[in-house]
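The listed protein sequences correspond, in order, to chains A and B. Here the UniProt record's numbering is used: position 371 in the first sequence is 371, and no number is missing along the way. Here the UniProt record's numbering is used: position 273 in the second sequence is 273, and no number is missing along the way.
Source of the hints: derived by calculation from the structure; they are not laboratory data. None of the values given here were measured: they were computed from a predicted structure. Do not take every clue at face value.
To be verified - Here are some chain B residues the structure puts well away from chain A; computed CB gaps all over 10 Å:
| id | residue |
| --- | --- |
| 1 | THR12 |
| 2 | GLN138 |
| 3 | MET309 |
To be verified - If the Cβ cut is set under 8 Å, some of the chain B residues that face chain A in the computed set are:
| id | residue |
| --- | --- |
| 4 | VAL62 |
| 5 | ARG267 |
| 6 | PRO311 |
| 7 | TYR312 |
For each residue, glycine too, the CB sits at the ideal point set by N, CA and C.
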Amino acid sequence: MDDKVVKVHPLTRLQRLGLAVLLVLAAFLIGGAIFIWSGIYNIAANRDHLTITTWLITILRDQSITGAAQDVDVPDLSDAGLVALGAQHYLTGCADCHGTPGEPNNPVFTSMLPRPPDLTDAARNYPASELYTIVHNGLKYSGMPAWPAPERSDEVWALIAFIEALNAQGPEFYTDMLAGLSRPALSKPGTMPDGIETCTRCHGDDQSGPIDELVPRLSGQSHDYLKRALEEYRAETRASGFMAPIAHGMSDAEIEDLATYYAALGSPETAEPDGGEEFEEGQNIVLHGIPEADVPACVTCHLGANAQFPRLEGQSAAYLMGQLQVWRHGLRDDTGYGAIMAAIARRLTPQQIEAVSTYLASLPAPQPVAEDEP
Amino acid sequence: MTAPVLRSLAGTLCLLALAGCAGEQSAFFPRGAEAERIETLFWVMTIAGSVIFIGVVVATGVAMLGGQRVRRVLAGERFIAGAGIAFPVAALSILLVAGFLVMRAGAAGEDAEGGLRIAVSGERWWWRVTYLGEDGTQIESANELHLPVGEPVTLELTTADVIHSFWAPQLAGKLDMIPGRINRLTLTATEPGVSRGQCAEYCGGAHAFMSFQVVAQPPEDFADWMANEAADAPAPQGESEARGAELFRQAGCGACHTVRGAGANGRIGPDLTHVGSRRSLAAATLPNDAEAFARWITDNQHIKPENQMPPYTIFDEAELEDLSNYLESLK
Chain A
1 MDDKVVKVHP LTRLQRLGLA VLLVLAAFLI GGAIFIWSGI YNIAANRDHL
51 TITTWLITIL RDQSITGAAQ DVDVPDLSDA GLVALGAQHY LTGCADCHGT
101 PGEPNNPVFT SMLPRPPDLT DAARNYPASE LYTIVHNGLK YSGMPAWPAP
151 ERSDEVWALI AFIEALNAQG PEFYTDMLAG LSRPALSKPG TMPDGIETCT
201 RCHGDDQSGP IDELVPRLSG QSHDYLKRAL EEYRAETRAS GFMAPIAHGM
251 SDAEIEDLAT YYAALGSPET AEPDGGEEFE EGQNIVLHGI PEADVPACVT
301 CHLGANAQFP RLEGQSAAYL MGQLQVWRHG LRDDTGYGAI MAAIARRLTP
351 QQIEAVSTYL ASLPAPQPVA EDEP
Chain B
1 MTAPVLRSLA GTLCLLALAG CAGEQSAFFP RGAEAERIET LFWVMTIAGS
51 VIFIGVVVAT GVAMLGGQRV RRVLAGERFI AGAGIAFPVA ALSILLVAGF
101 LVMRAGAAGE DAEGGLRIAV SGERWWWRVT YLGEDGTQIE SANELHLPVG
151 EPVTLELTTA DVIHSFWAPQ LAGKLDMIPG RINRLTLTAT EPGVSRGQCA
201 EYCGGAHAFM SFQVVAQPPE DFADWMANEA ADAPAPQGES EARGAELFRQ
251 AGCGACHTVR GAGANGRIGP DLTHVGSRRS LAAATLPNDA EAFARWITDN
301 QHIKPENQMP PYTIFDEAEL EDLSNYLESL K
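I would like the entire structure built from these sequences, with the hints used as guidance.
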């Protein structure tokens, strides 16, 4: 049909231009297809990108990060415990690829493209909100994974706090910290299971409490509860970017050993009770619940009658509040026990959550239940 | 289908709908003094209204099709004044007075002084039923109202959350349950039998599943029942029941539920002291048997969405069976 038209009328200037553009586009398409199918382009990691490709990717990456970080609110990151927790997670989840700050990295990982950078300078190049975006979302085509439990975005900040402290204090900060925090578990050397160091470096033992108030105290918890918690982390039915990589590779036997070990461990002394209005409100809720709001008393389940329920006395207020918030936001109801608590946590106001947590934190941490002597 | 077939089909369907008027929740089968009066009033009004309606239809027909003479009478001023003014005034006055008389308007409620008082509180979505003894004793139960036949009983109706409405059609009219106040309703069961009641004010998603049963019993049976209800829960008999009792304690059920004599004294959910002796579960939603207990414990959010009990999927099959057997044994 077009041919007919062409024969009848000579093309106008505009039509000739359009035809030329179409021809050029077609040439690009065909050329591009040939290029892609031919296998000429080398995507090998041992060949760096063209300079222009690197330049383009860098702009694309940084613009994308800046855009995604627009609405991120940065909390206070100065807490030393938070920094320490971040350092410990760096050891678990980051050090494999990014190496020990300030030291030459493992050649396996320096052979990646892009090469995982030393993070000592990361905080100079990116503000905290952008670091958060990178760690939480990951980076496509770079090998940088997203946070393994995306719903637990609250956990990411510990790592950002660490990266900022690392930048401020230099690479020795990390190695010094790990050396200083090394905690040989002293109590029962004969029965110490393999890999206990992975637990104690954050959760502490009977000599020292947890590394940060966001980390729960495990000593005094029952064997059954500890076992269930590790199994839930392993199955990823309980979400945590900190615990998932640690529990992932655990065998049933390892879980059994670790649970047995911690269940027999005593607790170091915790804070004394403090009075006050909030304390009394919390005590009231813990002992009697809030019947008019359909909130049952915490003690009915959490006082140790059932080994499947965790003991809450002596846990830090920050940890308890954090977990109740996790429940309120529907992030911990994939397990049978979690679903029970989820229904109850949603009935608590933020103020009641604070009161309950403050009160429970002031109670002495539980000591292991003595084994029945025959 | 031809028109006559369609018509007879429609007629049959109407008859089927009429069948809905029968049954344990029908106001047409009163078993209480108040419901009997309501039924009388209903028939007086319905019959009187029907007679007048037929009169009007006949008059209209005559006015359109009748002979000149009759039509002239109908159009006359005397007929208008008589049938249009005098008759309605007289008929409505008579019916009004009849209504007052039938319903005993203004009369002090039946003398329930010193009689049985029962506090009924609407909760989303069940009924907390507390038998108030003259000596101040309170026996709590749920979702079932037991009444002695022939004795006036005062219900003290209130609510723990939103507005509900208490309606036991075979016994009395409905009365709203308003937050912060107590509405009193006096009932007198006139014959023994089990009937059904229903929340009659939309109170949220599971409103339709908020029912209850009314058990009217001869006074001596009622006294026996009351004595059993006032007693502590029976100790678990079999091995399975004993394991179930232990599970009940360990799983923290007592934080919300009371089982008198078993150390469980939660006040949030229904009292379970004698739950096994009730006629239904979950506010007349499920039958009362071990299977229904198991279903409710694990899957209550599907049976009655958004009810306040968390789903308990933590039990394995054997545990669930033990727990259900225990609850069923709480007679």
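Comparing the hints with the structure gives:
| no. | hint | in the structure |
| --- | --- | --- |
| 1 | THR12 | holds (47 Å) |
| 2 | GLN138 | holds (15 Å) |
| 3 | MET309 | violated (8 Å) |
| 4 | VAL62 | violated (66 Å) |
| 5 | ARG267 | holds (5 Å) |
| 6 | PRO311 | holds (5 Å) |
| 7 | TYR312 | holds (6 Å) |
Hint compliance for this structure: hints 3, 4 are not met, and every other hint is.
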